[in-house]
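Novice: Each chain, letter by letter, is given below.
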Amino acid sequence: MSDATSTTPRSFQEIILRLQSYWAGQGCAVLQPYDMEVGAGTFHPATTLRSLGTKPWAAAYVQPSRRPTDGRYGENPNRLQHYYQYQVIIKPSPGNLQELYLGSLAAIGIDLALHDIRFVEDDWESPTLGAWGLGWEVWCDGMEVSQFTYFQQVGGHDCKPVSGELTYGLERLAMYVMGIDHVMDMPFNDPDAPIPLTYGDIFRQTEEEYSRHNFDGATTEMLLRHFEDAEAECERLLAFPAEDPKSGKRIVMAHPAYDQTIKASHLFNLLDARGVISVTERQAYIGRVRALAKKCADAFRQTEAGADQ
Amino acid sequence: MPDLLIELFSEEIPARMQGRARDDLRKLVTDGLVEAGLTYASAGAFSTPRRLVLSVEGLTTESRPVREERKGPATSAPQQAIEGFLRSTGLTLDQLERRADRKGETFYAVIEKPGRKAPEIVAEVLDAAIRNFPWPKSMRWGSGSLRWVRPLQSILCILSDEGGAHVVPMEVDGIKAGNTTEGHRFMGNGRFVVTGFDDYVVKLKRAKVVLDSAEREAAIWQGAQNLAFAAGMEVVPDPGLLAEVAGLVEWPVPLMGRIADDFLSLPPEVLQTSMKEHQKFFSVRNPKTGRIEGFVTVANIEAPDGGAVILKGNQKVLAARLSDAKFFWENDLRVAKAGMGEWAEGLKAVTFHAKLGSQAERVERIAALAREIAPLVGADPDDAEKAARIAKLDLRSAMVGEFPELQGVMGRYYALAAGEKPAVADAARDHWRPKGEGDSVPSEPVSVAVALADKIDTLTGFWAIDEKPTGSKDPFALRRAALGVIRLVLGNGVRASLAEIVAWGIARHAAAGPHGMSAALDLLAFFHDRLKVYLRDQGIRHDVIDACLAMPGSDDLLLLVRRATALSATLKTEDGSNLLQGFKRANNILAQAEAKDGVEYSFGADVKFAETEEERALFAALDTAEAAIAPAMAQEDFAAAMAAMAALRGPIDAFFTAVQVNSDNPVVRRNRLNLLHRIRAVCSGVADLSRIEG
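For the record, the sequence lines run as chains A and B. In my numbering, each residue's number is its place in the first sequence (first place is 1) plus 21. So in my numbering, spot 408 of the second sequence is number 396, and the numbers just go up one at a time.
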């Protein structure tokens, strides 16, 4: 599994590039990040919606992810409110997915004879997406470097066939591979480049700005209103008759409606960071987002991409 | 006699499920084989993270033919009955035999099952075992429909004897059984052929897999101890962790590391919990300092650098974790030293239960209740109230947020930091106990008061809102709370009226409304049920407890248990069981007479109307017994009282042998019935013996 590429990468972006090229080599469509604020790579419609229905699917992409409550003003060595996930989703899950995954670790310079790689039980559940699966967190020398999940249900629908999902926490993985202690010190591009940039050069200031925004700045009344709007819009879009009178085609607006679900989910996360959601309300909000996700999943199953064939 | 070897090779099986899975596989397969008519000499199951294995030795080569004969309806029976018989036997009419007997002619079904070959049976049994395997959680994968704990990759299934090994032909959801397997994920060297169990074990070891989890556990424990010993340290035993770690590796390689000095000031419980929960590390103690100063991690690979890179990585992860823990500890200590007001404020925002208010409101109730309970358990009321007020504060600490299992332990540290007395601080730790059956009961009076108040508030609260345990559902662990109260009361010799304590608790729950009284009674009955379960485990029968429950003051659990213990012990003696028969006879005769005559015979038995020696002896014995029982009862010495009653057995038996109660002389009869009443009265001091069965 180790080959010429298994030298230690020198920058954050080199790790991303190697993963992109590795998974492209395994036949995945290398997609681009989804152009909305999401909490994790799983929210990308390439994963949530495409894991439904019987159509085969294989995609890999980087997804910038936001967890407003994890803001630490750029000071914590490991915690960020904006970070990157690398996501691979293959349907049906191939029989050698574990081997393929281990190949990707070798590709980014992890010598599998020298490190202790372990698959440790971890059941995955997303209450907001109405989704769950079984799998592991993958440990490298005691460090969790990836999530490995066989989707069993998404949006309340059984996954048939089952998709295999891999999620790499890129910063943490890269820091481990390169032996870096503070995320802000990590080289983003080649350290020998004419203009070398560290992760901190690019993100320290934004971590400060967003931390302040998430905890103190964002207007809660507006967020609440936008949540209601997104919820209403999602339901409105799904209530349209399938026949489009203008084109004469059958067009179910599953993706635009799902965009509103993503929005609602992110607005909820912001409200949570602002500390205005009580413990009991929390469950209710999660339930409302889940209801939207389920409706979108129902709608997607009515479309060509999501149908059984 | 061939041997059977089965290996179900899969992606990583969760460690916690492996032990049960071994038992299930052995049971499912061996039961299936036996049911199908095979026998075997012995069977053993094994597991690693990637395989579940069964070895069956001395299996018979085929099942015996079976001839079964079943009698059916008479040939003259209605069509429906005959059709039913055909359906149940799976035969057609012309396959039935007709046999003449005395009543006429009857149908008989003779079903002959020929013997079947072992491979056919094994294939069938294994297929069913795989499809019906009781994993706590299972999944599908790829495009298949089979469920297994994680994707099942291959099946090895061979029968081997002197003649060689043969694959049992079978296929489950596209996975065909074969005679090959593979070794360690990283140190193995491709697939290899297996010819039998011994060959399998040897080849696995060559491919860096230790099959037997007990052997892996022993290797881990021995290796860890050697490493610690060489450094003058000792490993903290943790059998649960040992079993788990043995389920995470196929080739255990223990490595020892040191905890950086920065973190040695953390409480040992924090170090141990963080290392165990997050990293699956064993704690290593320095016997000279008594502190946890090192750890042992167990790798699954023999690395060419002797594990240096692996150890360095683990050390780094640990340092990050402990930095977090240290940050929490230092922040928490700051809040604690400032009096923990921030946390008390925080409890107002935490809902305990939608209908039972916030944690802060609950703390108020517990504090008031602890104050009331304090005198009953010998605690200072001020201390008890104070302890109750601080006992839940650590729920708001960052450390408990990260490690919920340290709840209580941290509370004690923070209470001490806040300047509370040791007895008050200890209550923060101990009021949660007993947490389960294996947990001991606190004995310090302040802890006992708060522990009781906590559990009584929980129980009365859920009874007030009518959320009681039903069947197997007990989401709020109310049975455990009730058992906790029982063990606290009995373990500490607490003399108190439980009815009164329950009433104090119920009164603080507005939700009970007008139903407070009935809720309280229902809760007391629940306590009595739990007590029966508890005492049954200690060998005291339920009817013995019922007999004692019928006595006044039965809500004083200590008194109740003393009665039951004395009665139970007496009933196990010959005198005791005979006394019971004598009592019942007296009671029955008396009850019949009272029903017939419409009067109560309760007074005035006089020895002057006695006609026989046995009668007079009984009078004398009752006098002696009464003289002994009265002072014993006054001192609540139920054993002495029961002994005095048991001494009546002889005179009562002699009386019934010699005397006819229902004499023709009405005066004598009335006198004898009144005498029987004295027996009943004397024998009813400790318990209502009429409720004893048998």
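Worth flagging that the hints you see were computed from the coordinates, not collected in a lab. Treat the hints loosely; a few may be bogus.
[What the hints assert, rightly or not] Label pairs and their in silico Cβ distance ranges:
#	chain 1	residue 1	chain 2	residue 2	range
1	A	Ala263	B	Gly228	52 to 58 Å
2	A	Glu120	B	Ala307	29 to 35 Å
3	B	Val181	A	Pro115	22 to 28 Å
4	B	Lys15	A	Gln304	39 to 45 Å
5	B	Leu81	A	Glu325	55 to 61 Å
6	A	Arg233	B	Gly228	40 to 46 Å
7	B	Trp123	A	Ala253	39 to 45 Å
[As the list claims (entries may be wrong)] Simulated crosslink set (DSBU-like; lysine-lysine; CA at most 30 Å straight-line):
#	chain 1	residue 1	chain 2	residue 2
8	B	Lys191	B	Lys15
9	B	Lys164	A	Lys181
10	B	Lys125	A	Lys76
11	B	Lys164	A	Lys76
12	B	Lys125	A	Lys181
13	A	Lys315	B	Lys125
[Stated by the list, open to error] Here are some chain B residues the structure puts well away from chain A; computed CB gaps all over 12 Å:
#	residue
14	Gly7
15	Ala29
16	Glu57
17	Ser76
18	Gly92
19	Ala291
20	Lys304
21	Leu321
22	Ala405
23	Gly481
24	Arg518
Using N, Cα and C, we set each Cβ at its ideal position, and we do this for glycine too.
Novice: Determine for every hint whether it applies to the structure shown.
Specialist: The hints, checked one at a time:
| no. | hint | verdict |
| --- | --- | --- |
| 1 | A:Ala263 <-> B:Gly228: 52 to 58 Å | holds, 56 Å |
| 2 | A:Glu120 <-> B:Ala307: 29 to 35 Å | holds, 32 Å |
| 3 | B:Val181 <-> A:Pro115: 22 to 28 Å | holds, 26 Å |
| 4 | B:Lys15 <-> A:Gln304: 39 to 45 Å | holds, 41 Å |
| 5 | B:Leu81 <-> A:Glu325: 55 to 61 Å | holds, 57 Å |
| 6 | A:Arg233 <-> B:Gly228: 40 to 46 Å | holds, 45 Å |
| 7 | B:Trp123 <-> A:Ala253: 39 to 45 Å | holds, 43 Å |
| 8 | B:Lys191 <-> B:Lys15 | holds, 26 Å |
| 9 | B:Lys164 <-> A:Lys181 | holds, 23 Å |
| 10 | B:Lys125 <-> A:Lys76 | holds, 27 Å |
| 11 | B:Lys164 <-> A:Lys76 | holds, 27 Å |
| 12 | B:Lys125 <-> A:Lys181 | holds, 18 Å |
| 13 | A:Lys315 <-> B:Lys125 | holds, 23 Å |
| 14 | Gly7 | holds, 14 Å |
| 15 | Ala29 | holds, 35 Å |
| 16 | Glu57 | holds, 48 Å |
| 17 | Ser76 | holds, 38 Å |
| 18 | Gly92 | holds, 59 Å |
| 19 | Ala291 | violated, 5 Å |
| 20 | Lys304 | violated, 8 Å |
| 21 | Leu321 | holds, 20 Å |
| 22 | Ala405 | holds, 25 Å |
| 23 | Gly481 | holds, 40 Å |
| 24 | Arg518 | holds, 31 Å |
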